[in-house]
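Student: Residues per chain, in single letters:
Number of protein chains: 2
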Amino acid sequence: MSWNKSLPSNPVVAVAGATGAVGQEFLKVLDDLKFPASRIIPLASAKSAGKKVMCGDTELTVEEMTPESFKGVDIALFSAGANVSRMFREAVVDAGAIMIDNSSAFRMEEDVPLVVPEVNPQDLEWHSGVIANPNCSTIMMVVALAALEKVAPIKRVVTSTYQAASGAGAPAMQELYDQTRAYLAGEPFEPHAFTDQIAFNVIPHIDVFLEDASTKEEWKMIVETRKIMGHPDMKVAANCARVPVLRSHSEYINVEFEAPITPEQAREALSAGESLVVNDDPAHNGYPMPALLAGTNDVYVGRIRKDFSVDYGISFWCVMDQIRKGAALNAVQIAQRLLG
Amino acid sequence: MSWNKSLPSNPVVAVAGATGAVGQEFLKVLDDLKFPASRIIPLASAKSAGKKVMCGDTELTVEEMTPESFKGVDIALFSAGANVSRMFREAVVDAGAIMIDNSSAFRMEEDVPLVVPEVNPQDLEWHSGVIANPNCSTIMMVVALAALEKVAPIKRVVTSTYQAASGAGAPAMQELYDQTRAYLAGEPFEPHAFTDQIAFNVIPHIDVFLEDASTKEEWKMIVETRKIMGHPDMKVAANCARVPVLRSHSEYINVEFEAPITPEQAREALSAGESLVVNDDPAHNGYPMPALLAGTNDVYVGRIRKDFSVDYGISFWCVMDQIRKGAALNAVQIAQRLLG
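The listed protein sequences correspond, in order, to chains A and B. One gets my numbering by counting positions in the first sequence from 1 and adding 64 to each. One gets my numbering by counting positions in the second sequence from 1 and adding 64 to each.
A few of these clues could be false.
Put simply, identical chains are the same to the list, so a pair is met inside one copy or across any two.
Said to hold, decoys possible - Calculated pairs, DSS-like style, for lysine-lysine (alpha carbon to alpha carbon, straight line, at most 27 Å):
(1) K370 to K280
(2) K135 to K111
(3) K135 to K280
These are computed hints drawn from the structure, not numbers from a lab.
Build the full structure now, drawing on both the sequences and the hints.
Tutor: In structure tokens, the structure reads:
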């Protein structure tokens, strides 16, 4: 089944989870990209109703999200957790709106396209009311892999991540700040947003553990990469860790190819890729770093070099603002493509 | 040529670089391990001469290091940088002392054994006056790989590191503290010990860049692993990064084997390995973390699981106090083995 309604050129946009880290960024990105909305409706739980949020210079009042909230809405951007997305899916679709969902709720469902506009825009053509926004760590990796795949077919990918606090939401970012302050002052602290101390620490655990002792975050990076890139059997190994960084994720990625590829070819392909910026100048200590890339829109790549441990190998480092391209920006870019 | 002098059972020990982060730890470890030194002589540059340092409850006065400092010395523990090691090598060996060098100066020289006592103690038999202590990131990896190799031969290793500030010395640890304080207070700061901001950041660059765009740290992890493990052609890919952590390094390691190995077999082999502690209890969020392991002596391993991207693959996470087992402790353990 595919969607047969057409969108108005000035759609009504609902933002579900408008007071969260990604929700706030949805409002900022809609304004930054001059998204042609006729109206923007910020929605949140009852306890946030009545709060004011800004979209550019416009102050908006947060409304309580109920099944009735979606009447007259054309596009609903969701970032309020998987359970909330599941709870409101029917109401959104029944109201005739398209749900662009940032949670993991529907990503692996067969009739839900999982889209990074630079990688698989063609998958927007067959949605049936719900489009899923991939996991942030996956987005940055596939943007780079899609560019490299134009040079040579990919055989196997091994990645280790350095993920920012923002991936766990706005309270987690605050916890990193507050806990670091407490640590430096020699004061006691209690972890809430994370399983353990995050200040001056690394936690090798993101999302819940699965039966095979991997984490759900690691599993997402494998299955989502396969779905987005259209390679159901692609060999991917992922190791995820949380580092004391605020809002940009980083990843080291080793790619083994089926055919020869030089670092120069890789660099050229990455430079030419959409939403990719290459910063790779070892002679001048030039490489992307998470603290310096907050608020940016692209996937930054550096440390591009030969991996001599396989016949045809390239390894590289990439960094992306987790809240923007990793979440809000990618979702709004999906909405832009829907408008055509 | 091999060394034909025997060591007294209560040797005179010189500590070169006694005021540095590792030098201080040498003194602490000699005391902790009740090393049977008849005398400990702390040495440093002229500007530190006269300073007091503690070895257990004993206060020692730092002496200026000159070629004459090594007369009557049996074992000289060096951690004062590669140039200082090169400068004093002849004086140490001529004085009849054995140099155990923590720098990278001689590690890859053919007549210098590179030793992790748990992995290649047999290489202590053919030294000719100089024994090299490996790079910290290499030590932790080979301690784990040597245990796993007892189950199945290793085909390829891919690692990404999460390295602490301490690897860049005591001033670097202080810089992480001071810069984090300044950052939180909104005050300006200037990086000195690192190429860039380290507070709330990740720097994908440790040691100098080489011609192939890898870093010397990455190169060390490859060539030192091969030398220590006695596999000159072992396939190793290494990606190194500095994280805002004080003194323990972490690594994710993906190992591809030549033959079947289950996570249970890997866990058993790692648990049985010397200087290895397995903390791997996903059900209770049990895994090693760098902030919680400062001052410990072992290599901690967790997140042991199947890597489904190859026929016979295991991936795991490991953490080690970079100053202790990564430097001072390993060197003193070498000295212990020399005493027999």
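Student: Please go over all the hints and tell whether each is borne out by the structure.
Tutor: Taking the hints in turn, this is what the structure says about them:
no.: 1; hint: K370 to K280; in the structure: between (30 Å within a copy, 15 Å between copies)
no.: 2; hint: K135 to K111; in the structure: within (22 Å within a copy, 77 Å between copies)
no.: 3; hint: K135 to K280; in the structure: neither (34 Å within a copy, 60 Å between copies)
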